[in-house]
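Numbering (our numbering), first residue to last: -2 to 308.
Don't read these hints as lab results, they were simulated from the structure. None of the values given here were measured: they were computed from a predicted structure. Glycine is no exception: its CB is placed at the ideal position from the N, C-alpha and C atoms. One should not assume that every hint holds.
Said to hold, decoys possible - Straight line, CA to CA, 27 Å or less: simulated DSS-like cross-link-like pairs of lysine-lysine:
#1 28 to 39
#2 93 to 39
#3 199 to 28
Said to hold, decoys possible - Computed spacing ranges between beta-carbons, pair by pair:
#4 300 to 53: 46 to 56 Å
#5 99 to 263: 24 to 34 Å
#6 288 to 46: 49 to 59 Å
#7 296 to 102: 46 to 56 Å
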Amino acid sequence: MHFTGTIWRPPYEADSLLLEATAGCTHHRCKFCTLYDGLPFKFRMSPLEDIERDLQEAQLWNTDPFASMAARLQGLSKPKGFRRAFLTGANPFVLKASRLLAIAGLIREYIPTVRTIGCFARVTDISMKSDSELTALAGAGYDGLTIGIETGDDEALSFMNKGCSAADILEQCGRLDRAGIGYSFFYLAGISGAGRGELGAKATAAICNKLHPRLIGANMLTVYPGSELYQEIQQGRWHEAGEVEKYREIRALVGSLEIPTEFAALGASNAFQLQGSLPEDRDALLEGIDRIIGTVGEERLRDYRENLRHL
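Work out the full structure: start from the sequences and follow the hints.
The following block contains the structure:
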């Protein structure tokens, strides 16, 4: 399989077939992000020939007699075909619709058990496609995109060079709703800075309440020394929120969401794992957050964040 650098995927794509469609990020200007700094280029598309060869290799996994024998000896069921593919890279949805459709065609040819295709997407990637193209992509199986909106706080989006506004999130994700392409959001607690977390959470909830994200995944901002945001802090132009404040921010988000959706805080940036369905699990989620705030405290949470930075 062809993979370049560290491969990032959402926790819920663990069982998906991972295919490298792109490497790097077309934007690569968010002040807080260091995920793709190790690549010798900003962005690269994978040749269709490489994708086809990867699919040919993946095709063998389900027909390999040794894999079937090993499963039988271990008392496991016979390996089943992949039901979902996830295109890796920071934002493969930036590719032209024609190329995404070509990739979907290759997936259908070699792994016909795949029913849906997901990937990371930027809000600006959606704006580059017409309504008819989005409908065609939905028909080809594109569904369950993961979009890092980070926040609905326009001041924070602008300061962090995110490249979109809250109004853009509302407009473009509304187009996904109408095209029938499902999506999940990543929210970044702490992105609004010290003293502004709950404001940012409520602004985000106001946007989400007008849309239909299947899941809202919360991550905690971790400022790494190699980031542009670290330099902003060193020069006194931005102040990082405390760890308890970030959990109060998450509490405000959960408390303000009025739509049925899944909420999860499962990534490594979260010192504690949280997951539940809204609105039915709201009280349990809020109680769990209150326990973290009341019994863990700033010092232990800060130790976790410092250790994560060193990792």
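Results of checking the hints against the structure:
1. 28 to 39: 15 Å, holds
2. 93 to 39: Distance ~18 Å between residue 93 and residue 39 Cα, so the pair holds.
3. 199 to 28: Roughly 22 Å between the alpha carbons, so the hint for residue 199 and residue 28 holds.
4. 300 to 53: 46 to 56 Å: 47 Å, holds
5. 99 to 263: 24 to 34 Å: 33 Å, holds
6. 288 to 46: 49 to 59 Å: Distance hint for residue 288, residue 46 holds at roughly 53 Å.
7. 296 to 102: 46 to 56 Å: 54 Å, holds
Going down the numbered hints, you'll see the structure goes against none, and every one checks out.
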